[in-house]
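Student: Sequence:
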Amino acid sequence: MRSDSITTHIFERIKSGGHENIYIVGDFIDLGEYHAVRRALLRLEESGKIQKIMRGVFYYPKYSYLLDEFESPSPDKVAETLARKFGWTIAPCGDTALNQLGLSTQVPAKWSYISDGPYHKFKIETAVIEFKHRSNREISGISKRTALVIQAIKAIGERNITEKHIDIMRRRLSDDEKKCILDEAKRAPMWVYGIIKKCV
Numbered sequence: 042m043r044s045d046s047i048t049t050h051i052f053e054r055i056k057s058g059g060h061e062n063i064y065i066v067g068d069f070i071d072l073g074e075y076h077a078v079r080r081a082l083l084r085l086e087e088s089g090k091i092q093k094i095m096r097g098v099f100y101y102p103k104y105s106y107l108l109d110e111f112e113s114p115s116p117d118k119v120a121e122t123l124a125r126k127f128g129w130t131i132a133p134c135g136d137t138a139l140n141q142l143g144l145s146t147q148v149p150a151k152w153s154y155i156s157d158g159p160y161h162k163f164k165i166e167t168a169v170i171e172f173k174h175r176s177n178r179e180i181s182g183i184s185k186r187t188a189l190v191i192q193a194i195k196a197i198g199e200r201n202i203t204e205k206h207i208d209i210m211r212r213r214l215s216d217d218e219k220k221c222i223l224d225e226a227k228r229a230p231m232w233v234y235g236i237i238k239k240c241v
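Per the working numbering, residue 42 is the first one in the sequence shown, and the count goes up by one each step.
Worth flagging that the hints you see were computed from the coordinates, not collected in a lab. Among the hints, erroneous ones may be present.
As the list claims (entries may be wrong) - For each label pair, taking beta carbons as the anchor points, the in silico distance ranges come out as: (1) Arg228 / Leu83: 26 to 32 Å; (2) Ser215 / Gly235: 26 to 32 Å; (3) Lys93 / Asp224: 38 to 44 Å; (4) Gln147 / Gly235: 43 to 49 Å; (5) His76 / Leu223: 18 to 24 Å; (6) Ser46 / Gly235: 57 to 63 Å; (7) Gly235 / Pro102: 41 to 47 Å; (8) Lys185 / Lys56: 24 to 30 Å; (9) Arg211 / Ser46: 40 to 46 Å; (10) Glu166 / Arg79: 42 to 48 Å; (11) Arg79 / Ser57: 47 to 53 Å; (12) Met231 / Lys56: 48 to 54 Å.
Idealized CB from N, CA, C, for every residue including glycine.
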């Protein structure tokens, strides 16, 4: 495929994916060999059609007429894309897990994730994304939703869990998610699993 054709096909795919998605070279490897795809993405960046978040990571920016500027990419989407890029399994932890599960309305100052990869910290515009290494046992073989619930409960702490927390989690989880979490979380610490049983 010619270079201009690769560029066109890549941008068409990006547009069809909307403004929420974030991309890496590997997402387009079916359209051409690695270096051709990388050059095409750089051409799209130079033309202003996409923006580079960091080396090898791009997004399709959405313009906010209210703010009179392009909107920043979602830190959580960036984290998921970095995990895909490096082949890591991740799950939100700490304040990030609490925010995503509706247990806190405060936007995290630092977006934190447990990961089976090495420790890494990235600065993306005004956001800091941190990956904390954990053993595979904590995140492998379970769904992202189960990992999120486990990490949120750990972030609150055994002695700080209230009926309000349990009620929020109960309302946030679908019946199917509850069944899945109850089964997958059996390897979690006993006190965490005890709270999960109250949530379902």
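Student: Hint by hint, say whether it matches the structure.
Tutor: So, going through the hints one by one against the coordinates:
1. Arg228 / Leu83: 26 to 32 Å: Because 44 Å falls outside the window, the suggested range is violated.
2. Ser215 / Gly235: 26 to 32 Å: For Gly235 against Ser215, whose Cβ atoms are near 21 Å apart, the range 26 to 32 Å is violated.
3. Lys93 / Asp224: 38 to 44 Å: Since the Cβ atoms of Lys93 and Asp224 sit about 41 Å apart, the hinted range of 38 to 44 Å holds.
4. Gln147 / Gly235: 43 to 49 Å: violated (27 Å)
5. His76 / Leu223: 18 to 24 Å: Violated, at about 48 Å.
6. Ser46 / Gly235: 57 to 63 Å: Given range 57 to 63 Å: holds, Cβ gap about 58 Å.
7. Gly235 / Pro102: 41 to 47 Å: holds (45 Å)
8. Lys185 / Lys56: 24 to 30 Å: holds (27 Å)
9. Arg211 / Ser46: 40 to 46 Å: Between Arg211 and Ser46, where Cβ atoms are some 52 Å apart, the hint is violated.
10. Glu166 / Arg79: 42 to 48 Å: With Cβ atoms ~23 Å apart, the hint is violated.
11. Arg79 / Ser57: 47 to 53 Å: violated (21 Å)
12. Met231 / Lys56: 48 to 54 Å: Hint holds: Cβ distance 49 Å, inside 48 to 54 Å.
Checked against the numbered hints given earlier, the structure breaks hints 1, 2, 4, 5, 9, 10, 11 and satisfies all the rest.
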